[in-house]
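Chains as they are written, first to last, in the working numbering: chain C, 1 to 188; chain Y, 1001 to 1188.
To be clear, the hints were calculated from the coordinates, so they are not data collected in a lab. Only a predicted model underlies this, so the values are computations on that prediction, with no experimental measurement involved. Yeah, the Cβ is synthetic: ideal placement off N, Cα and C, and Gly gets one too. Just to be clear, a hint being listed does not mean it is correct.
Stated by the list, open to error - Okay, the calculated bits of chain C under chain Y, using three or more residues with CB under 8 Å as the criterion: (1) 69 to 80; (2) 131 to 143; (3) 166 to 180.
What the hints assert, rightly or not - Think about it this way: if two alpha-carbon atoms lie no more than 30 Å apart in a straight line, the pair counts; the simulated DSBU-like pairs of lysine-lysine are: (4) K3/C - K27/C; (5) K1002/Y - K151/C; (6) K1064/Y - K2/C; (7) K1027/Y - K1002/Y; (8) K1064/Y - K27/C; (9) K27/C - K64/C; (10) K151/C - K1008/Y; (11) K1003/Y - K1027/Y.
Here is how the chains run, residue by residue.
Number of protein chains: 2
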Amino acid sequence: MKKSLGAKTIAFPVPAWAIGTYDADGKPNVMTAAWTGICCSRPPCMAVSLREATSSHGNLVARKAFTISIPSEEQVSEIDYIGVVSGRDRDKFADLGLTPARAEHVDAPYIEEFPVIIECRLLHTIELGLHTQFIGEIMDVKAEEEVLDDKGQPDPARVRPVIFGPGDRSYYGLGAYLGRAFSIGRKK
Amino acid sequence: MKKSLGAKTIAFPVPAWAIGTYDADGKPNVMTAAWTGICCSRPPCMAVSLREATSSHGNLVARKAFTISIPSEEQVSEIDYIGVVSGRDRDKFADLGLTPARAEHVDAPYIEEFPVIIECRLLHTIELGLHTQFIGEIMDVKAEEEVLDDKGQPDPARVRPVIFGPGDRSYYGLGAYLGRAFSIGRKK
């Protein structure tokens, strides 16, 4: 029996990713976003929703570029810190001992220590209400060699991403391998 | 050392959710979407990207409504089947022995057997390229009572959602609890 919970932003899984931007002075900033995901295959695009009140929002509008840095589960405290502190008050890279690396294809920084990063140039800006959704074309994905499988693809079990639970405000790691996509359902 | 992988749609975690719609004759259909997520807190909104070639795309445009049904990991074969078969060829509900339930607030069906469902009415349609992004206002979330915690919130560890790995086309379950959000980073 299903129980109605009302009109809430609850879904599983939701990511916890660091969005990287430069401010007007070229100072790198990162903030955590969970209202984000892949949104198109051709051109390859990511969607990231940010509140206008954040400094990252202004940076992204001005520079028309952002990165996504995907943490591994041992970086869960870092991704949480990046979400609770404002770049207006603190240099989050310095606070956490993380290294801002200049993206190769876009005018934005990423976190060198996170295992997978995505470089995006702004394509669309959609005002939704409290959040503005920024859609960026993926210009490149970069990954640490140690998380790649023998075909050169990032292996989720080596990336070990952080999964956010928006209802009870929890973080989880990645669990057991369940099977091969576009394959295990065919037996049905 | 990071290795460049090119402009690919690779990110972790990505969901595997079933998008429910009615066709012109009122026949329920579901298809699997991974290019989807929460995109605004107020109004609460979900974004779902579908290819125009799918029957769900036409259904959604016509009915201006959709649902998201979130599977548990024991339903991984079902969510994969829903992604590899077209609703034009097969009645996926009948094939899988799943029950289409009429949503309470919108003109769309959901999967009764999946533990968490979200009812959405179409707000925005954004043409991105191969995919059209549909943004829907969340009208209600419904969850099985057995997945709720003592505060009445869905507990990720009881929902046990399916996580899709787009690079190597894998499915994973949810792993270990890592800590409390907006909290564990404060010690940094």
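Structure-based check of all given hints:
Counting residues of the region 69 to 80 of chain C whose beta-carbon sits less than 8 Å from any beta-carbon of chain Y gives 7, enough to reach three: the coverage restraint holds. With 10 residues bearing a CB less than 8 Å from a CB of chain Y, the region 131 to 143 of chain C meets the requirement of three and the coverage assertion stands. Chain Y is given as covering the region 166 to 180 of chain C, and this holds because 15 residues of the stretch bring a CB closer than 8 Å to a CB of that chain, at least three being needed. This hinted pair does not check out: K3/C and K27/C have alpha carbons roughly 47 Å apart, beyond 30 Å.
Distance restraint check for K1002/Y and K151/C: the Cα-Cα separation of roughly 16 Å lies within the 30 Å cut-off, and the hinted pair is therefore satisfied. Distance hint between K1064/Y and K2/C is fulfilled; the C-alpha atoms sit about 24 Å from each other, no more than 30 Å. Straight-line distance between C-alpha atoms of K1027/Y and K1002/Y comes to about 49 Å, which puts the hinted pair past the 30 Å bound. Using a Cα cut-off of 30 Å, the hinted pair K1064/Y and K27/C is violated, with the two alpha carbons roughly 43 Å apart.
Between K27/C and K64/C the CA atoms are separated by roughly 15 Å; this keeps the pair inside 30 Å, and the hint holds. For the hint linking K151/C to K1008/Y, the alpha-carbon distance of about 15 Å falls within 30 Å, and the restraint holds. A threshold of 30 Å between alpha carbons decides the hint, and for K1003/Y with K1027/Y the separation of about 47 Å lies outside it, so the pair is violated.
In this structure, the hints that do not hold are numbers 4, 7, 8 and 11, in rising order.
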